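Undergrad: One letter stands for each residue in the lines below.
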Amino acid sequence: DTGVSQDPRHKITKRGQNVTFRCDPISEHNRLYWYRQTLGQGPEFLTYFQNEAQLEKSRLLSDRFSAERPKGSFSTLEIQRTEQGDSAMYLCASSPGLAVQETQYFGPGTRLLVL
Amino acid sequence: GDSVTQMEGPVTLSEEAFLTINCTYTATGYPSLFWYVQYPGEGLQLLLKATKADDKGSNKGFEATYRKETTSFHLEKGSVQVSDSAVYFCALSNTRSDYKLSFGAGTTVTVRA
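Chain order of the listed sequences is A and B.
Every letter in the first sequence is one number past the one before it in the working numbering, and letter 34, counting from 1, is 34.
Every letter in the second sequence is one number past the one before it in the working numbering, and letter 94, counting from 1, is 209.
These are computed hints drawn from the structure, not numbers from a lab.
As the structure is a computational prediction, the values presented were derived from the model and not from experiment.
A few of these clues could be false.
Stated by the list, open to error - One side of the interface only, derived from the structure: several residues of chain A facing chain B at Cβ under 8 Å:
#1 Q41
#2 G42
#3 F74
What the hints assert, rightly or not - Partial list, derived from the structure: chain A residues whose beta carbon lies under 10 Å from chain B:
#4 Q6
#5 G16
#6 Y35
#7 F45
#8 T47
#9 L91
#10 A93
#11 Q104
The C-beta atom is built at its ideal place from N, Cα and C for all residues, glycine as well.
Could you put the whole structure together from the sequences, leaning on the hints where they help?
TA: Right, here's the structure in full:
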C-alpha cells in the first residue's frame with residue numbers, strides 16, 4: 001500500500017497562469033476528496049468524487065476551479081487564471097467508500113504559490 | 116452547518132508534561148470525531164477517532180473521549196515527548212454531509228527537552 005500521492009509537491013506560478021495538480025489515491029479507494037489549507041488554518045473541503053462522479057462542490061470552488069476523475073482512479077484539479085489568493089496547500093484524501101464513518105487518508109499536498 | 120472549535124495555540128510544554136487540547140463541535144445528527152496530526156514537513160495523519168458517544172479513541176499514548184452532552188472531544192496525553200511536537204487538528208464527519216471532514220484551525224504544540 002503506497003498511500004495517497006500528489007504531484008507536484010510544490011508549484012510557483014505567475015498570476016493569470018493555469019495550473020494542474022494530480023492526485024493518485026490508495027488503490028481501490030472509491031472516494032476521493034480535495035481540500036485547501038491556508039497558513040494557520042485547518043483544511044477546508046473543496047470537492048469529492050465517488051468513483052468518477054463528482055458528487056459535491058464547495059462554494060469555495062469558484063468557476064476557475066475544475067476537478068476531474070475520469071476513470072475513477074487518479075484525479076486532477078485545475079485552476080485557471082490563478083490569483084494570489086489561490087496560494088495555499090492543496091490536499092487530496094481518499095477513503096474506501098464502502099462504509100459509514102470511515103477514515104480519510106491524506107496525501108502530502110501540493111503547495112501553490114502565486115506571484 | 117457543521118463546525119469545530121479547538122483551543123488556540125501555540126502551546127509550549129516541557130518533556131513529560133501533561134497535554135490537553137480542547138475541541139468542541141457543532142453538528143446535526145451523529146458525527147464521527149477525529150484527531151489528525153501534522154508533523155513538520157509531513158502530511159496529515161490520523162491520530163485517533165471515535166464514531167459514537169462515549170467512545171474513547173486512543174493511539175500513541177493519546178486519548179480522546181466523545182462527549183455528546185458537552186459536544187466535546189478533548190485530546191490528552193499524560194507525558195509528552197519532543198517527538199510529539201506537531202500541529203494537531205480536530206475534525207468531524209457527518210453522514211448528513213457525505214462524510215466530508217470539517218476541521219478546526221489547528222493547535223501547534225512544541226515540546227522542549
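Undergrad: Where does the structure disagree with the numbered hints, that is, which hint numbers, in rising order?
TA: 3, 5
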